[in-house]
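So the protein sequences, as listed, match chains A and B. For the first sequence, this note's numbering gives the first residue as -1, with consecutive numbering after it. For the second sequence, this note's numbering gives the first residue as -1, with consecutive numbering after it.
To be clear, the hints were calculated from the coordinates, so they are not data collected in a lab. No residue lacks a Cβ here, since even glycine has one placed at the ideal position from N, Cα and C.
Using 30 Å as the maximum straight-line C-alpha spacing, the simulated DSSO-like pairs for lysine-lysine come out as follows:
{"id": "1", "chain 1": "B", "residue 1": "Lys4", "chain 2": "B", "residue 2": "Lys197"}
{"id": "2", "chain 1": "B", "residue 1": "Lys4", "chain 2": "A", "residue 2": "Lys289"}
{"id": "3", "chain 1": "A", "residue 1": "Lys289", "chain 2": "B", "residue 2": "Lys115"}
{"id": "4", "chain 1": "A", "residue 1": "Lys210", "chain 2": "B", "residue 2": "Lys289"}
{"id": "5", "chain 1": "A", "residue 1": "Lys14", "chain 2": "B", "residue 2": "Lys289"}
{"id": "6", "chain 1": "A", "residue 1": "Lys182", "chain 2": "A", "residue 2": "Lys197"}
{"id": "7", "chain 1": "B", "residue 1": "Lys90", "chain 2": "A", "residue 2": "Lys306"}
{"id": "8", "chain 1": "A", "residue 1": "Lys289", "chain 2": "B", "residue 2": "Lys289"}
{"id": "9", "chain 1": "A", "residue 1": "Lys4", "chain 2": "B", "residue 2": "Lys289"}
{"id": "10", "chain 1": "B", "residue 1": "Lys115", "chain 2": "A", "residue 2": "Lys115"}
{"id": "11", "chain 1": "A", "residue 1": "Lys210", "chain 2": "B", "residue 2": "Lys306"}
{"id": "12", "chain 1": "B", "residue 1": "Lys210", "chain 2": "A", "residue 2": "Lys90"}
{"id": "13", "chain 1": "B", "residue 1": "Lys31", "chain 2": "B", "residue 2": "Lys289"}
{"id": "14", "chain 1": "A", "residue 1": "Lys306", "chain 2": "B", "residue 2": "Lys306"}
{"id": "15", "chain 1": "A", "residue 1": "Lys289", "chain 2": "B", "residue 2": "Lys197"}
{"id": "16", "chain 1": "B", "residue 1": "Lys90", "chain 2": "B", "residue 2": "Lys306"}
{"id": "17", "chain 1": "A", "residue 1": "Lys115", "chain 2": "B", "residue 2": "Lys210"}
{"id": "18", "chain 1": "B", "residue 1": "Lys306", "chain 2": "A", "residue 2": "Lys289"}
{"id": "19", "chain 1": "A", "residue 1": "Lys210", "chain 2": "B", "residue 2": "Lys115"}
{"id": "20", "chain 1": "B", "residue 1": "Lys306", "chain 2": "A", "residue 2": "Lys90"}
{"id": "21", "chain 1": "B", "residue 1": "Lys230", "chain 2": "B", "residue 2": "Lys182"}
{"id": "22", "chain 1": "B", "residue 1": "Lys289", "chain 2": "A", "residue 2": "Lys115"}
{"id": "23", "chain 1": "A", "residue 1": "Lys197", "chain 2": "A", "residue 2": "Lys230"}
{"id": "24", "chain 1": "A", "residue 1": "Lys289", "chain 2": "B", "residue 2": "Lys210"}
{"id": "25", "chain 1": "B", "residue 1": "Lys90", "chain 2": "A", "residue 2": "Lys210"}
{"id": "26", "chain 1": "B", "residue 1": "Lys33", "chain 2": "B", "residue 2": "Lys289"}
{"id": "27", "chain 1": "A", "residue 1": "Lys197", "chain 2": "B", "residue 2": "Lys289"}
{"id": "28", "chain 1": "A", "residue 1": "Lys115", "chain 2": "B", "residue 2": "Lys4"}
{"id": "29", "chain 1": "A", "residue 1": "Lys289", "chain 2": "B", "residue 2": "Lys14"}
{"id": "30", "chain 1": "A", "residue 1": "Lys14", "chain 2": "A", "residue 2": "Lys115"}
{"id": "31", "chain 1": "A", "residue 1": "Lys31", "chain 2": "A", "residue 2": "Lys115"}
{"id": "32", "chain 1": "B", "residue 1": "Lys210", "chain 2": "A", "residue 2": "Lys306"}
{"id": "33", "chain 1": "A", "residue 1": "Lys4", "chain 2": "A", "residue 2": "Lys230"}
{"id": "34", "chain 1": "B", "residue 1": "Lys289", "chain 2": "A", "residue 2": "Lys306"}
{"id": "35", "chain 1": "A", "residue 1": "Lys4", "chain 2": "B", "residue 2": "Lys115"}
The calculated label-pair distances, taken between Cβ atoms and stated as ranges, are:
{"id": "36", "chain 1": "B", "residue 1": "Lys14", "chain 2": "A", "residue 2": "Asp122", "range": "34 to 42 Å"}
{"id": "37", "chain 1": "B", "residue 1": "Lys172", "chain 2": "A", "residue 2": "Asp122", "range": "50 to 58 Å"}
{"id": "38", "chain 1": "B", "residue 1": "Glu85", "chain 2": "A", "residue 2": "Pro110", "range": "39 to 47 Å"}
{"id": "39", "chain 1": "A", "residue 1": "Glu295", "chain 2": "B", "residue 2": "Glu62", "range": "35 to 43 Å"}
{"id": "40", "chain 1": "A", "residue 1": "Ala109", "chain 2": "B", "residue 2": "Ile116", "range": "22 to 30 Å"}
There are 2 protein chains.
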Amino acid sequence: MTLNPKLVRRTQEAIKMLEGQPTIAPELLQERKEKAADWFRSLRDQICNRFEALEAQAQLTYPELYPAGGQIFERTPWDRPEGGGGEMSVMKGRLFEKVGVNISTVWGSFAPQFATKIPGASEDPRFWASGISLVAHMGNPHVPAVHMNTRFIATTKCWFGGGMDLTPCLPVEKDTIHFHQVLKNMCSQHDPSFYPDQKAWCDDYFYLPHRKEPRGIGGIFYDYLNRGNWDKDFAYTQDVGLAFLDAFCPIVEQNMGHLWTSDEAETLQRKRSRYVEFNLIYDRGTEFGLKTGGNTEAILMSMPPMAKWD
Amino acid sequence: MTLNPKLVRRTQEAIKMLEGQPTIAPELLQERKEKAADWFRSLRDQICNRFEALEAQAQLTYPELYPAGGQIFERTPWDRPEGGGGEMSVMKGRLFEKVGVNISTVWGSFAPQFATKIPGASEDPRFWASGISLVAHMGNPHVPAVHMNTRFIATTKCWFGGGMDLTPCLPVEKDTIHFHQVLKNMCSQHDPSFYPDQKAWCDDYFYLPHRKEPRGIGGIFYDYLNRGNWDKDFAYTQDVGLAFLDAFCPIVEQNMGHLWTSDEAETLQRKRSRYVEFNLIYDRGTEFGLKTGGNTEAILMSMPPMAKWD
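Only chain A is shown next, with the shape it has when bound in the complex:
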C-alpha cells in the first residue's frame, strides 16, 4: 500500500550492492544451493525439537494452565507442480497454541510483470528459492508471538534475506531488552552496521500505516544480502537462525507460568487481528508465495488460530 520512503531507500541500496556482484559459476551455485537447503532443514529440526521440549515442560510444570495434549509437531510434505516443494511442521499445543515451521525449496519462472521487480530476473525470469519460515502464536497472552524467516534466493543474482520479530500482546520491558540484546550481540560478530540497520529496517517493515501501529517490538530484518563473500553471508544467516532460539526461548520459559485473565485472553485475540491485517495487506513473503503459486496452506499458516475485531 503506502510505501515508507526510508524502507524504499534501504531496499534500493541493498539491491544496488547485490547487482554489482558477479554471477557465480553454475556448479558452485549448485553446491551453495544444497548447503543452504540442508541448513534450513537442520535448523528446522533444531527448532522443532526445542519447541516440543518447551511445550512438554509447560504441560508438566503448569498442568493447570496447559492440560496435556498436542505436544508434537506433525509434518506434511507438499509438492509444487511447477517445481520443488516443501514440508510444513505444525504443532497445535497448549503453550504453543499454533506454531508452524515451514521449509521449502522451490524453483520456476516468475510471471513477466513480477520478474521486473526481482533483482537479476529481468534478463532471465527463472528463480530458485529455499528457506525456513516460522510463526508461533502462543495461548498465554503473557508469552509473545514470534516470527522468524531466513532464505537464500537465486536468479541470475543470488542473495540471503530474513529476520525475526517479536509480537507481545502485553509487552514486558526486560523481554524486549533481552530479545534485542541477543540480536545485537550476534550481529556485532558479523558487521557493526548490521544491528542498527537491520533493526531500523525491521521497524520500518513491520508497521501498519492504516493503524499507525507497529506490529510488535521489532527485531531485525535484512534482504538482498550479498557482500561478495558467500561463506560470510551464509554464516550470518546461520547465526540468525541459531540466535532465534536464544532470543525467544528464555522469554517463553520466563513467562509461561504467568496466569492470565479472560480480559487478557480477549486482548490477545484483538492483538492478533493486527497480525492478520499486516500479513494479508503488507507482508511481502505472503505476496511472493501467493504470486509464485506457493502452497496456500503453508503460506497462510502464519494466520493466528483465532482473532477478534471490534
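Start from chain A and add chain B according to the hints.
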C-alpha cells in the same frame, strides 16, 4: 494479486463506455452529487430501521437463541482531514452479531500513482465520492453474512457502482434461488443485460484464487456505470439498494429460528477467515479506502467479530 482475465475485460469495457460520455456542467454535477448523497443517507436509515426490527423480532421470538441485548445501532460521525467525512452505524446484537452500515461523502486529490488507474483522473486528480457500504456478520451459522454497497464517484467523469453478495456458511438452495431471483427481477426492469452481466462480474470478483473458492453464492456487481442518462443510472442504483432489503431480509426471517450446534458455530468461524482473506487481499473498496486516507475503522468494519484459521 493474480487478475482474472474476464474481470479485466469486463472492467475495461465499462470504462470505455464511461469515458465516451461528455463532462457535465458543474452546477448540474453539484445537484446530482447532493441527490446521490441524500439517497445514500435515506437508504441507510431504512436499512438500519429494518435491521433493528429484525433484531428485536429475533430476541422476542427466540429468546433462548438470542438473549436480550444490543439491539440498536450506534452512530459515530467522522471527519476526513483532506475533505468530507462519514457516519458509521454499528449494531452488535445477537442475531446481527456485528453489522456496520457506513455512509460517507469524501473529496480530495488522488496520489499521482493512483490517479492513472481511475477514469477521468489522469487529467485532473481531484475526486468526489459518496456511498453506502454495509457488511453484516450473523451469530447464527444458518443465517448468511451479507454485503451491499452502492456509490457515486466523480472525477472529470462520473459513474455509479455497487452490488451485493451473500455469504452463507451453510448454504440453503432455496435461499440462493430467492436472493438471485429478487436481483434478477429488479435488474430486468432496467436492462436485460444487467443481471447476467452483473452476476458474472460478481462471481469473478468475489473469488479467492489462492483458496480456489468463491466467497459466497454471489449476487450482482457493477462499476463504472454511465450510460449517458444520469437519471436512469441513479434510478438503477436506488433500486439496487431497495432490492437489497427484499433479497436479504426474508432469508434472515426464514432461518433465524434454526438451532445450531457447536460444530456449526466453529464452521462459521472458519468460513469467516475466508471473508477476512478476501477483504484484506483482494477487495478494491478496502484498497481504495486505505489508499485515499479513508477512515480505517469504517473501512475495516467489514471484518467479522471473530474468525478462526486451521
